[in-house]
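Peer 1: Sequence:
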Amino acid sequence: KRGPLGGNVSIEFRQVSLSYSSGETKVKALKDLSWTVETGGFAAVMGRTGSGKSTVLRLLCALAKPDGGQILIDGKDIHSSLPRRELRKEMGFVFQFPEYQLFETTVLKEVCFGMKNLGFSKEEMEENSRWAIEKMGFNFEAIRSVAPMALSGGQRRRVAIASVIASRPKILLLDEPTSGLDPAERRSFCQILTSLNREGTTIVIVSHNSEVVCETAKTLLVLKDGEKWKEGKVEDLFSSDLLPAGILPPPSLLLSSFLREKGMDLPRAVRQEDFISALLCQVGRRKNG
Numbered sequence: 272k273r274g275p276l277g278g279n280v281s282i283e284f285r286q287v288s289l290s291y292s293s294g295e296t297k298v299k300a301l302k303d304l305s306w307t308v309e310t311g312g313f314a315a316v317m318g319r320t321g322s323g324k325s326t327v328l329r330l331l332c333a334l335a336k337p338d339g340g341q342i343l344i345d346g347k348d349i350h351s352s353l354p355r356r357e358l359r360k361e362m363g364f365v366f367q368f369p370e371y372q373l374f375e376t377t378v379l380k381e382v383c384f385g386m387k388n389l390g391f392s393k394e395e396m397e398e399n400s401r402w403a404i405e406k407m408g409f410n411f412e413a414i415r416s417v418a419p420m421a422l423s424g425g426q427r428r429r430v431a432i433a434s435v436i437a438s439r440p441k442i443l444l445l446d447e448p449t450s451g452l453d454p455a456e457r458r459s460f461c462q463i464l465t466s467l468n469r470e471g472t473t474i475v476i477v478s479h480n481s482e483v484v485c486e487t488a489k490t491l492l493v494l495k496d497g498e499k500w501k502e503g504k505v506e507d508l509f510s511s512d513l514l515p516a517g518i519l520p521p522p523s524l525l526l527s528s529f530l531r532e533k534g535m536d537l538p539r540a541v542r543q544e545d546f547i548s549a550l551l552c553q554v555g556r557r558k559n560g
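At position 88 of the sequence shown (counting the first as 1) the number is 359 in our numbering, and the numbers step up by one without a gap.
If you are wondering where the hints come from, they were derived from the structure by calculation, not from laboratory data. Owing to the predicted nature of the structure, the values given are computational and were not obtained by experimental measurement. All residues carry an ideal CB built from backbone N, CA and C; glycine is no exception. Be aware that a few hints might be false.
[To be verified] Have a look at the derived ranges for each label pair, beta carbon to beta carbon: (1) ASP507 with LYS533: 18 to 28 Å; (2) ASN388 with SER510: 38 to 48 Å; (3) SER510 with LEU334: 32 to 42 Å.
[Unchecked claim] As a list, the in silico DSBU-like pairs of lysine-lysine whose alpha-carbon atoms are at most 30 Å apart: (4) LYS302 with LYS495; (5) LYS406 with LYS360; (6) LYS387 with LYS360; (7) LYS504 with LYS533; (8) LYS302 with LYS533; (9) LYS533 with LYS499; (10) LYS441 with LYS533; (11) LYS393 with LYS441; (12) LYS489 with LYS504; (13) LYS533 with LYS393; (14) LYS347 with LYS533.
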């Protein structure tokens with residue numbers, strides 16, 4: 272089966288529904304969701320609070336079981352055809368504010384903890400921990416023996432994510448990964464995610480931050496009241512009105528639209544890099560003209 276960009280499908284939801292009880296009332300958290308993510312894809316899920324975004328991640332990593340429908344990873348139903356241990360090796364899940372879950376005495380022990388539980392050899396743990404720690408922007412030798420609690424909040428988050436990617440999961444799920452980070456940390460984190468994706472990791476993020484989504488993701492699923500409202504390429508969807516789903520345009524799109532109204536010949540740029548490039552070209556043409 273082919274995904275929205277023409278590649279092989281890694282993740283597939285087939286008419287997935289989930290309800291929960293609120294007092295004596297049954298509330299539909301997700302209603303008949305059909306959705307695919309390609310192998311090596313980078314998908315974002317957006318919507319208002321309560322739209323079902325985090326429910327999608329909980330279902331994907333089998334923390335919840337759907338009332339109806341199927342969830343498949345590489346064609347295997349995660350509840351009937353994929354053993355839990357295999358699923359844990361295939362998939363890494365980064366909860367919101369993962370730095371609050373750190374408990375080991377050193378960064379290296381923290382990063383190796385998950386691999387130990389999955390049965391990795393000592394040699395694999397040494398190689399993977401170095402790779403993961405350096406991938407998150409640290410000097411391995413300088414930080415391996417440091418206590419996680421001695422680090423800044425942004426550094427602790429990077430350690431927490433290093434502990435998830437150290438097992439080299441094929442699929443990485445992240446719930447509001449940039450929440451609480453300052454702009455510099457957010458940009459750095461977006462670059463790390465983009466790098467992981469380029470190396471072949473399939474990534475799904477839940478985020479309310481349109482700038483983060485536009486800078487990283489390739490495809491977007493928009494949920495509204497537990498149902499799929501829109502799905503497609505990021506640049507296509509942000510060229511339409513997403514306000515009914517509570518999604519604001521990224522700053523680059525707002526600014527490019529404002530300058531277009533003032534007569535500048537600019538594209539509707541959703542990514543900051545594209546906007547700056549187009550703006551510099553326009554300024555250069557005006558100077559030479």
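Peer 1: Hint by hint, say whether it matches the structure.
Peer 2: A quick look at each hint next to the structure:
Between ASP507 and LYS533 the Cβ separation comes to about 25 Å, which falls inside the hinted range of 18 to 28 Å. As the Cβ distance of ASN388 to SER510 is approximately 44 Å, the hint placing it in 38 to 48 Å holds. Checked against the given bound of 32 to 42 Å, the beta carbons of SER510 and LEU334, roughly 34 Å apart, stay inside it. Of the supplied pair hints, the one linking LYS302 and LYS495 holds, its CA atoms being roughly 10 Å apart against a limit of 30 Å.
Distance check on the hinted pair: LYS406 and LYS360 sit about 19 Å apart at the alpha-carbon level, within 30 Å; holds. Annotation: proposed proximity of LYS387 to LYS360 holds, straight-line Cα distance about 12 Å (limit 30 Å). Straight-line distance between C-alpha atoms of LYS504 and LYS533 comes to about 28 Å, which keeps the hinted pair within the 30 Å bound. Restraint check: the Cα-Cα separation between LYS302 and LYS533 comes to about 43 Å, which exceeds 30 Å; the hinted pair is violated.
Straight-line distance between C-alpha atoms of LYS533 and LYS499 comes to about 36 Å, which puts the hinted pair past the 30 Å bound. Taken as a hint, the LYS441 and LYS533 pair is broken in the structure, with Cα atoms around 46 Å apart against an allowance of 30 Å. For the proposed pair LYS393 and LYS441, the alpha carbon gap of about 21 Å is at most 30 Å, so the pair holds. Taking the CA atoms of LYS489 and LYS504, the gap is about 6 Å. The hint holds against a cut of 30 Å.
Between LYS533 and LYS393 the CA atoms are separated by roughly 62 Å; this puts the pair beyond 30 Å, and the hint is violated. The suggested pairing of LYS347 with LYS533 is violated, with an alpha-carbon distance near 53 Å, which exceeds 30 Å.
In this structure, the hints that do not hold are numbers 8, 9, 10, 13, 14, in rising order.
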